[in-house]
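There are 4 protein chains.
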Amino acid sequence: MPVEGRPRWQKGESYRVPLPVEGRPRWQKGEIAGTSIGRECHEVIMNAVTFNKENVNSFHHAVSSEIVTAQCFGLLPVLGITAPNAASLRFRWCSFRTMFSIFMLLGAGLNTCFAVVIMQSGISFKQSDGVVFFGTVTVTYMLFLQLARQWPNLAVEWENLEISQKHYGYPRRLRLKIMIVTTVVLTGALVEHALSKSSQIAVAAACTDNVTDMFHHYFTKTGTYNQIFAVMDYSFATATLALINNFIATFTWNFTDLFIILVSLALTERFRLFNEYLVSFRGKVLPGSFWAQIREEYNSLSHLTRTLDSCISKIVLVSFGSNLYFICRQLLNSLSPLGGIINTVYFCWSFGFVLFRTVTLSLYAASIYDESLKPKRVLYDVPPESYHLEVSRFLNQIVTDTVALSGMNFFYITRTLLLTVSALHLTLSTAV
Amino acid sequence: MPVEGRPRWQKGESYRVPLPVEGRPRWQKGEIAGTSIGRECHEVIMNAVTFNKENVNSFHHAVSSEIVTAQCFGLLPVLGITAPNAASLRFRWCSFRTMFSIFMLLGAGLNTCFAVVIMQSGISFKQSDGVVFFGTVTVTYMLFLQLARQWPNLAVEWENLEISQKHYGYPRRLRLKIMIVTTVVLTGALVEHALSKSSQIAVAAACTDNVTDMFHHYFTKTGTYNQIFAVMDYSFATATLALINNFIATFTWNFTDLFIILVSLALTERFRLFNEYLVSFRGKVLPGSFWAQIREEYNSLSHLTRTLDSCISKIVLVSFGSNLYFICRQLLNSLSPLGGIINTVYFCWSFGFVLFRTVTLSLYAASIYDESLKPKRVLYDVPPESYHLEVSRFLNQIVTDTVALSGMNFFYITRTLLLTVSALHLTLSTAV
Amino acid sequence: MPVEGRPRWQKGESYRVPLPVEGRPRWQKGEIAGTSIGRECHEVIMNAVTFNKENVNSFHHAVSSEIVTAQCFGLLPVLGITAPNAASLRFRWCSFRTMFSIFMLLGAGLNTCFAVVIMQSGISFKQSDGVVFFGTVTVTYMLFLQLARQWPNLAVEWENLEISQKHYGYPRRLRLKIMIVTTVVLTGALVEHALSKSSQIAVAAACTDNVTDMFHHYFTKTGTYNQIFAVMDYSFATATLALINNFIATFTWNFTDLFIILVSLALTERFRLFNEYLVSFRGKVLPGSFWAQIREEYNSLSHLTRTLDSCISKIVLVSFGSNLYFICRQLLNSLSPLGGIINTVYFCWSFGFVLFRTVTLSLYAASIYDESLKPKRVLYDVPPESYHLEVSRFLNQIVTDTVALSGMNFFYITRTLLLTVSALHLTLSTAV
Amino acid sequence: MPVEGRPRWQKGESYRVPLPVEGRPRWQKGEIAGTSIGRECHEVIMNAVTFNKENVNSFHHAVSSEIVTAQCFGLLPVLGITAPNAASLRFRWCSFRTMFSIFMLLGAGLNTCFAVVIMQSGISFKQSDGVVFFGTVTVTYMLFLQLARQWPNLAVEWENLEISQKHYGYPRRLRLKIMIVTTVVLTGALVEHALSKSSQIAVAAACTDNVTDMFHHYFTKTGTYNQIFAVMDYSFATATLALINNFIATFTWNFTDLFIILVSLALTERFRLFNEYLVSFRGKVLPGSFWAQIREEYNSLSHLTRTLDSCISKIVLVSFGSNLYFICRQLLNSLSPLGGIINTVYFCWSFGFVLFRTVTLSLYAASIYDESLKPKRVLYDVPPESYHLEVSRFLNQIVTDTVALSGMNFFYITRTLLLTVSALHLTLSTAV
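Chains as they are written, first to last, in our numbering: chain Z, 17 to 448; chain G, 17 to 448; chain F, 17 to 448; chain B, 17 to 448.
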């Protein structure tokens with residue numbers, strides 16, 4: 017082992033002091049000079065970071081508009097989303113947003129209770145749908161409330177990582193990608209919601225000839241509001257409330273998946289930046305200190321993944337569970353005959369969209385794991401002269417650590433998981 | 017390796033009881049003196065340990081009251097449970113407790129035979145329940161008898177570990193936690209037992225109008241005692257015996273799961289103490305001898321897990337098997353219509369409780385494995401200057417060794433197992 | 017490191033062409049000169065390689081006739097397949113072959129549309145067959161078009177590897193083996209195609225007594241062309257077109273599997289050459305530089321596998337998916353009674369052949385993985401005196417890297433996969 | 017790393033020369049002196065090995081009587097089974113045993129053909145039983161013939177290992193254990209065979225009142241000989257032949273499993289000897305040369321396992337496949353009502369016995385894997401002063417190499433496999 021190389025960088029006590037750039041003439045000096053900014057002094061630096069053009073692609077800014085949208089529906093009630101940096105983020109119990117969020121949570125909870133009440137008068141799969149749907153939404157509100165309390169810390173850790181790895185720059189067009197994904201998913205959800213309403217109104221219209229009766233019938237019988245009107249009387253006010261209620265619940269249900277996709281995308285992009293940088297050193301002779309540095313940067317990324325996972329793993333579990341349930345339901349529905357074009361279109365779109373959302377979610381989340389494994393290949397190409405203890409540590413860390421999002425550690429989201437779940441679906445659907 | 021770096025850190029950075037530095041010279045002296053405070057001389061040291069306040073949370077004392085309860089039902093017949101230290105524990109074949117235990121075992125065995133006899137007159141699932149239930153109880157009695165013989169050694173090994181790792185202290189509020197878990201599980205079991213009796217008496221009451229007839233009918237037809245009264249005549253004495261018998265069997269069945277939960281909890285707490293201590297050194301520059309010491313302490317914990325596993329892995333297998341069977345049974349029951357409120361409440365509680373118990377058991381047992389992996393993350397954060405052969409050995413050991421409870425090595429209890437078993441349940445229940 | 021030990025072994029222990037020892041000094045000189053014979057200067061070297069007898073077994077030449085055959089059906093439209101070396105390979109959008117390929121793709125796409133149209137008039141499994149079959153063929157055409165663009169780079173990388181590892185020679189009889197496999201698979205496919213037509217004509221003959229009517233009936237009702245004649249009128253020209261169309265689609269469907277088998281075979285043979293060479297050094301004392309060299313050669317092979325995988329992993333996924341579908345279909349078919357001898361023979365052959373193809377494909381592809389693990393065993397036999405950091409790196413690489421073909425990283429093709437898929441089939445077929 | 021320790025043993029060119037015993041004063045000199053006998057000189061030594069008392073437990077002698085028994089039924093036709101050492105073993109095509117074996121193979125093949133013929137006249141599960149049963153037996157004969165050719169090499173490799181590891185002694189009571197297992201399995205098989213005949217004769221007796229008619233009926237209708245008498249006429253000679261034929265086939269079917277159990281047992285015992293020896297050094301300070309030596313001995317055991325696996329892995333695959341089939345069949349049988357006591361007893365015994373055999377086989381074979389992992393634990397206990405590169409290599413080898421019997425590399429026989437197969441059985445049986 018290159019013990020003789022050691023004195024060069026044992027001089028400074030801490031290993032976070034600037035790299036001995038003078039000791040590495042083989043590559044361009046300025047290239048990784050930015051890395052000398054460690055975690056310790058970020059407090060000072062952060063204030064100096066101004067909202068410049070690059071920052072648009074920082075995590076805090078890239079997801080801000082999506083979070084603002086979510087807040088309109090009572091999700092993730094944190095203050096300071098539009099502030100120039102993550103350090104301004106705050107969670108307060110006695111803020112308007114939190115109050116609104118709790119109000120929405122109570123509303124969803126009430127709906128779940130209604131659905132449970134109606135289910136008792138006769139168990140059927142249709143009613144159990146209502147319980148699962150509103151139950152999921154209620155739990156989602158709770159989990160996002162919990163996440164809101166952890167969000168400031170998470171965003172600050174992420175921002176610090178971005179600053180300490182500023183020499184990689186910010187992911188290119190991250191904000192744009194996030195906006196495109198958001199648009200696609202929310203539009204799909206909107207279409208599905210509209211088709212759902214249309215098909216239910218069509219059924220109601222077939223039963224009656226009067227428009228008022230039709231709406232009455234729609235709200236109390238064919239719509240997904242029957243759990244409300246089984247308990248309350250029908251009136252224009254309650255109907256409107258039910259409509260809004262249902263719209264919000266649908267948004268929340270879709271936003272859960274979207275949210276996981278977005279943070280996965282943002283994290284994957286950071287891993288990609290890291291990998292691109294690393295690949296540029298493929299096969300070159302580099303000092304041990306370089307590998308020590310690069311391993312610690314990987315370690316920071318892996319820390320961030322772990323923090324993120326600890327924040328959202330419950331949401332991931334709920335999301336996978338509900339998607340599994342609704343895909344099974346749709347498969348069951350597909351066995352009964354479909355009447356009318358609207359119904360057929362609705363069924364196809366609804367089934368296709370839930371599949372699309374689940375697969376997209378899985379692939380985006382799995383890409384974190386895929387990217388986290390890629391440095392391995394560069395390490396295999398390290399020439400023997402340049403092989404160093406830290407290279408072996410790096411490889412060891414990649415291989416022994418699972419850097420991925422998980423569902424409360426019950427499963428890690430990888431491509432293999434998607435295959436396993438598909439096989440399970442196939443088995444369940446043929447057995448049913 | 018930077019042994020010269022040691023003084024820097026020995027001066028009192030750690031907030032816990034300083035490591036027995038004066039005890040360190042043994043590294044240079046003896047061969048394996050590092051563990052000499054461990055197994056070799058424990059006989060001497062143990063007498064010096066007095067029943068002080070901390071000791072309440074030692075394993076031996078924390079589980080003592082639960083074991084005494086179990087002994088009232090003939091389980092785990094060891095002597096000296098209430099003694100001040102584990103060295104006083106003894107197993108004797110010719111003690112009253114052992115005799116009582118064997119008596120209970122024979123009783124359970126007799127019940128199983130009755131259940132087999134009654135089953136021959138016509139196989140049905142209801143009767144196979146009796147065979148499985150009493151068979152499980154009989155096997156449980158045998159396994160606890162076997163465990164009683166190994167218990168003294170296990171408790172002594174555990175106590176020695178507690179003494180040799182005294183600088184970590186004892187788990188905070190271990191005894192309290194154990195009591196809470198015990199209360200929750202046993203109360204749930206009691207409610208289930210009561211509901212079961214109520215629902216059966218309700219059926220009996222519906223058939224007759226006379227109270228005596230009702231009890232007669234209850235014991236010989238609707239109760240779970242029919243295996244007895246198919247062989248013996250009905251009398252007040254036999255009825256009382258059958259009642260007690262059934263109560264004891266139910267307790268035993270529930271205690272098996274509880275027992276696994278308790279020892280898992282106690283062991284997890286020890287791993288947590290270790291991890292908390294280790295985390296306090298995250299990122300610091302430490303000498304190799306520190307890592308050697310810490311690795312050996314981890315190794316002791318892993319040894320203890322292995323010893324515990326070898327003692328209880330058969331009980332774990334029986335517990336998982338019977339829970340799997342009864343969950344499948346309840347799923348099958350759920351297909352047939354439920355009559356009456358008592359029946360519905362009983363079914364829901366019974367199903368919910370067996371699910372709760374199984375999931376709780378799995379999660380508590382899996383937490384050993386989860387905790388055993390956590391030191392990994394501290395090792396990734398070891399700075400390059402402090403990296404030492406022993407750090408690499410430690411990481412290697414964590415990664416290559418599976419420190420977890422197992423079902424006779426057929427499976428290790430991890431969170432993934434819970435998921436796999438759920439998928440199996442799902443498949444089986446849709447297929448049936 | 018025991019570099020001084022080198023002369024002992026260079027004196028001619030090896031029975032193969034001695035390693036290019038004169039090329040070795042580059043280790044000390046350049047940065048990554050070890051691979052400099054590899055990618056950097058291949059442009060120059062390649063022209064010097066003449067079409068000598070050995071070259072017949074080089075990858076480029078061994079698969080050339082199969083690719084030419086495929087090009088007759090519009091697959092893999094690259095130019096320069098018969099050129100003396102891989103550097104002459106080119107892909108051009110505006111070449112005749114590419115145009116032909118796109119024409120075939122459009123034809124297959126049209127057929128899929130026809131099949132979708134006919135399916136809408138009533139969903140049945142028979143019609144869904146048509147959609148899946150022509151859908152698969154269409155996607156296959158697209159994927160081969162995409163592959164054609166990557167083929168020149170792949171072939172050049174492969175040729176460079178062959179040149180840089182020229183001391184291993186070329187795989188013995190590779191071209192012969194490839195021709196045998198091709199003949200077996202294509203003959204089997206031809207027999208199946210003929211039997212399929214015969215059984216359909218037999219059904220048509222049973223319905224009518226006139227020969228013209230019979231053909232008319234065959235094309236419009238019993239044949240697999242009904243999707244065409246549901247849209248177009250029947251005429252001699254369209255019937256002929258339909259026949260050719262169907263023949264080409266069947267060829268394409270079979271060629272996909274064959275193609276994966278062929279490249280797997282060729283790659284496996286390269287791993288075998290490497291392993292044979294390595295085994296000849298089993299247990300010998302060798303210098304570290306030898307191990308560095310051998311590890312880099314293994315690394316090149318693993319690089320090539322990765323490149324190949326990135327090129328064909330989509331094709332692999334489509335192939336596995338369609339085989340899974342058609343085996344399930346045949347299992348379902350086997351439940352309905354078979355009428356007549358021709359039908360029985362056709363069913364048996366068809367089912368047997370799809371099984372044979374799938375298993376053969378899996379085994380050939382899995383053999384890459386099997387061979388990639390074999391060097392491990394030689395490394396365990398390295399004597400302690402000869403143990404070197406590079407040996408440990410080599411072992412580490414073998415163990416931590418999965419060198420195998422994959423289905424878009426969803427699964428790696430190993431023997432275990434075949435077993436898992438069989439278990440899934442078994443479960444699905446008993447459940448249905 | 018103890019580079020200074022190296023010159024001591026670099027003196028001899030080969031690492032197989034006697035260990036520098038004088039360099040290891042810390043443990044008794046004679047203790048492992050026997051290990052100096054390497055593989056190179058076994059040719060000479062072998063002749064010196066006389067048939068002494070210890071040798072009774074050597075592999076060659078321990079399994080000899082079982083192999084002789086097998087040869088009576090035409091299995092494993094090697095010459096020299098009773099010779100004093102394995103070097104006398106020979107396989108010859110033109111020996112009586114081989115001829116007899118081929119004769120039996122042809123007989124079994126003929127039976128399979130008969131069974132296929134009869135099945136064509138109407139497919140039913142009962143007939144498919146005959147095809148699977150005789151097909152399995154035929155394939156088994158072929159595989160044992162193939163094994164006979166490899167047996168001499170295998171036995172010699174095993175004997176050499178025993179000689180080179182003579183300091184461990186021979187497994188205690190190996191021959192006795194083998195005889196006990198053989199007796200238990202063959203007795204169970206005999207009882208099953210007798211019960212099978214009894215139940216079939218009972219059915220025949222119920223149909224007729226004449227004894228001759230009864231036998232006639234038995235042989236042509238109710239027995240498992242119908243495939244013969246569907247082709248040939250019934251006569252006393254053919255009936256006797258059919259009886260013998262069936263008996264031999266049943267023996268062969270059972271012997272396959274027994275054989276795998278026996279070799280697994282013998283190999284496990286060798287691993288146990290090794291582990292016992294290794295455990296006696298737990299926690300001691302030992303030189304690197306000791307670890308090099310012990311690792312090579314482990315390596316030899318792992319080599320032997322690999323050789324054994326390559327010889328019998330096909331037999332293992334056939335055995336697992338046929339057991340899987342017959343357990344599924346019995347589960348299906350259990351659904352149809354059982355008539356009469358003999359039938360019930362036969363069914364219970366038959367089902368219980370096939371389960372017992374499969375589980376025993378799995379557990380014995382899995383114990384090789386279990387034992388191969390045990391040295392790991394001793395290596396974790398190696399004190400830091402004694403830690404050596406070879407210790408790390410040893411641990412690495414244990415962890416990265418799978419030392420177990422396999423079914424043609426499709427699966428390795430471990431305890432987990434048994435669980436997986438059980439889950440598959442459960443799923444299949446509930447789905448059917």
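Mixed in with the good hints, there may be bad ones.
Chain copies aren't distinguished; within one or between two, either way the pair holds.
[Stated by the list, open to error] With a cut-off of at most 27 Å between alpha-carbon atoms, the simulated DSS-like pairs for lysine-lysine come out as follows:
1. LYS213 x LYS193
2. LYS182 x LYS193
3. LYS330 x LYS392
4. LYS300 x LYS182
5. LYS193 x LYS390
6. LYS392 x LYS213
7. LYS390 x LYS182
8. LYS213 x LYS237
9. LYS237 x LYS392
10. LYS330 x LYS193
11. LYS300 x LYS237
12. LYS213 x LYS300
Hints are computed from structural coordinates only; laboratory data are not their basis.
Taking the hints in turn, this is what the structure says about them:
Taking identical chains as interchangeable, the C-alpha atoms of LYS213 and LYS193 are never at most 27 Å apart, the minima being 30 Å within one chain and 51 Å between chains. Taking the shortest Cα distances, LYS182 and LYS193 sit within 27 Å of each other inside one copy (20 Å), while across copies they are farther apart (47 Å). Within a single copy, LYS330 and LYS392 get their C-alpha atoms only as close as 30 Å, which misses the 27 Å cut-off; across copies the closest is 23 Å, which meets it. Proximity of LYS300 and LYS182 under a CA criterion of 27 Å is satisfied in both settings, with 23 Å inside one chain copy and 25 Å between copies.
Proximity of LYS193 and LYS390 under a CA criterion of 27 Å is satisfied intra-copy only: 22 Å inside one chain copy versus 35 Å between copies. Taking the shortest alpha-carbon separations for LYS392 and LYS213, neither the intra-copy value of 51 Å nor the inter-copy value of 52 Å comes in at or below 27 Å. Taking the shortest alpha-carbon separations for LYS390 and LYS182, only the intra-copy value of 21 Å comes in at or below 27 Å, while the best inter-copy value is 30 Å. With identical chains, the CA atoms of LYS213 and LYS237 are at most 27 Å apart within one copy only, with a shortest distance of 13 Å there and 41 Å across copies.
Taking the shortest Cα distances, LYS237 and LYS392 never come within 27 Å of each other, neither inside one copy (58 Å) nor across copies (57 Å). With identical chains, the CA atoms of LYS330 and LYS193 are at most 27 Å apart both within one copy (25 Å) and between copies (25 Å). Taking CA atoms no more than 27 Å apart as the test, LYS300 paired with LYS237 passes in neither setting, with 71 Å inside one copy and 66 Å between copies. For the homomeric pair LYS213 and LYS300, neither the shortest alpha-carbon distance inside one copy (61 Å) nor that between copies (61 Å) is at most 27 Å.
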